[in-house]
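**Q** What follows is the residue order along each chain.
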Amino acid sequence: EVQLVESGGVLVQPGGSLRLSCGASGFTFSSHWMSWVRQAPGKGLEWVANINQDGSRKHYVDSVEGRFTISRDNAENSLFLQMNSLRLEDRAMYYCARIDGYGSTFDYWGLGTPVTVSS
Amino acid sequence: DIQMTQSPSSLAASVGDRVTINCRASQAINNHVAWFQQKPGKAPWSLIYAASTLRSGVPSKFSGSGSGTDFTLTINSLQPEDFATYFCQQYNSYPFTFGQGTKLEIK
Chain A
23 EVQLVESGGV
33 LVQPGGSLRL
43 SCGASGFTFS
53 SHWMSWVRQA
63 PGKGLEWVAN
73 INQDGSRKHY
83 VDSVEGRFTI
93 SRDNAENSLF
103 LQMNSLRLED
113 RAMYYCARID
123 GYGSTFDYWG
133 LGTPVTVSS
Chain B
110 DIQMTQSPSS
120 LAASVGDRVT
130 INCRASQAIN
140 NHVAWFQQKP
150 GKAPWSLIYA
160 ASTLRSGVPS
170 KFSGSGSGTD
180 FTLTINSLQP
190 EDFATYFCQQ
200 YNSYPFTFGQ
210 GTKLEIK
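Taken in sequence, the protein lines are chains A and B. Our numbering puts the last residue of the first sequence at 141; the count rises by one with no breaks. Our numbering puts the last residue of the second sequence at 216; the count rises by one with no breaks.
Please note that a few of the clues may not be correct.
[Claimed, not checked] Here are the in silico distance ranges between beta carbons for each label pair: (1) B:188 - A:107: 44 to 52 Å; (2) A:66 - B:177: 20 to 28 Å; (3) B:201 - A:93: 24 to 32 Å; (4) A:133 - B:112: 27 to 35 Å; (5) A:62 - B:121: 24 to 32 Å; (6) B:215 - A:123: 31 to 39 Å; (7) A:138 - B:169: 39 to 47 Å; (8) A:133 - B:169: 21 to 29 Å; (9) A:25 - B:149: 16 to 24 Å; (10) A:79 - B:121: 40 to 48 Å; (11) B:177 - A:125: 18 to 26 Å; (12) A:38 - B:121: 40 to 48 Å.
[To be verified] Okay, derived cross-link-like pairs now, SDA-like style, lysine to any residue, Cα gap no bigger than 20 Å in a straight line: (13) B:148 - A:133; (14) B:151 - A:88; (15) A:65 - B:193; (16) A:65 - B:212; (17) B:148 - A:66; (18) A:65 - B:110; (19) B:212 - A:64; (20) B:151 - A:113; (21) B:148 - B:172.
Think of the hints as simulated: they come from the structure by calculation, not from any bench. If you're wondering where the values come from, they're calculated on a predicted model, not measured in any experiment. Using N, Cα and C, we set each Cβ at its ideal position, and we do this for glycine too.
Construct the complete structure from the given sequences, taking the supplied hints into account.
**A** Structure below.
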């Protein structure tokens with residue numbers, strides 16, 4: 023059974039940093055692109071970043087480019103999101119999502135970890 | 110960026126009804142559209158990819174169609190568990206973008 027479990031979401035002040043983690047199990051982690059998707063309270067879904075199987079290719083939404091870094095550790099079956107220079111508008115539930123084996127889009131999602139940015 | 114516009118933004122229907130949700134892309138995206146269901150306080154559930162291909166485990170009451178810029182999600186014989194918010198998403202090009210969501214409520 024595919025499982026994605028996010029952690030690391032906390033309350034942080036504007037300008038602060040945070041590292042989110044996503045532990046994966048139930049599939050061959052190193053064979054899949056992985057993603058982070060976020061959802062602000064009461065709002066829709068926003069794709070944040072993608073990373074390919076070996077971590078050599080990464081894509082970001084413009085609003086986080088230069089502030090967030092997606093990475094992975096295939097030996098530990100883990101995905102990460104380093105978030106720097108956090109802004110109020112980064113407050114959201116952050117979901118880890120797997121890209122399917124066809125390289126198309128998200129097929130499995132974690133339960134999410136909440137990030138609150140507030141002074 | 111490709112804008113995904115869903116309609117309607119909310120929809121009231123009864124158990125047993127058939128409903129259709131529309132999604133229009135701001136430019137042609139082949140069939141690179143997915144649909145997701147989300148219930149309050151829960152993670153999204155992947156329903157459809159490639160515009161019309163059901164994910165494993167998704168009931169056949171859900172169906173998708175369309176290509177180019179116009180796409181549709183149809184849900185037959187609504188049951189109480191189907192009342193949720195539905196999102197479309199394009200993955201034809203970066204940045205991946207979602208529609209704003211359609212909230213399906215019980216009439």
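**Q** Hints first: check each against the structure and report whether it holds.
**A** Now for the hints, and whether the structure bears them out:
{"no.": "1", "hint": "B:188 - A:107: 44 to 52 Å", "result": "holds, 46 Å"}
{"no.": "2", "hint": "A:66 - B:177: 20 to 28 Å", "result": "holds, 23 Å"}
{"no.": "3", "hint": "B:201 - A:93: 24 to 32 Å", "result": "holds, 26 Å"}
{"no.": "4", "hint": "A:133 - B:112: 27 to 35 Å", "result": "holds, 29 Å"}
{"no.": "5", "hint": "A:62 - B:121: 24 to 32 Å", "result": "holds, 25 Å"}
{"no.": "6", "hint": "B:215 - A:123: 31 to 39 Å", "result": "holds, 36 Å"}
{"no.": "7", "hint": "A:138 - B:169: 39 to 47 Å", "result": "holds, 40 Å"}
{"no.": "8", "hint": "A:133 - B:169: 21 to 29 Å", "result": "holds, 27 Å"}
{"no.": "9", "hint": "A:25 - B:149: 16 to 24 Å", "result": "holds, 22 Å"}
{"no.": "10", "hint": "A:79 - B:121: 40 to 48 Å", "result": "holds, 44 Å"}
{"no.": "11", "hint": "B:177 - A:125: 18 to 26 Å", "result": "holds, 21 Å"}
{"no.": "12", "hint": "A:38 - B:121: 40 to 48 Å", "result": "holds, 42 Å"}
{"no.": "13", "hint": "B:148 - A:133", "result": "holds, 12 Å"}
{"no.": "14", "hint": "B:151 - A:88", "result": "violated, 30 Å"}
{"no.": "15", "hint": "A:65 - B:193", "result": "holds, 14 Å"}
{"no.": "16", "hint": "A:65 - B:212", "result": "holds, 12 Å"}
{"no.": "17", "hint": "B:148 - A:66", "result": "holds, 12 Å"}
{"no.": "18", "hint": "A:65 - B:110", "result": "holds, 19 Å"}
{"no.": "19", "hint": "B:212 - A:64", "result": "holds, 12 Å"}
{"no.": "20", "hint": "B:151 - A:113", "result": "holds, 17 Å"}
{"no.": "21", "hint": "B:148 - B:172", "result": "holds, 19 Å"}
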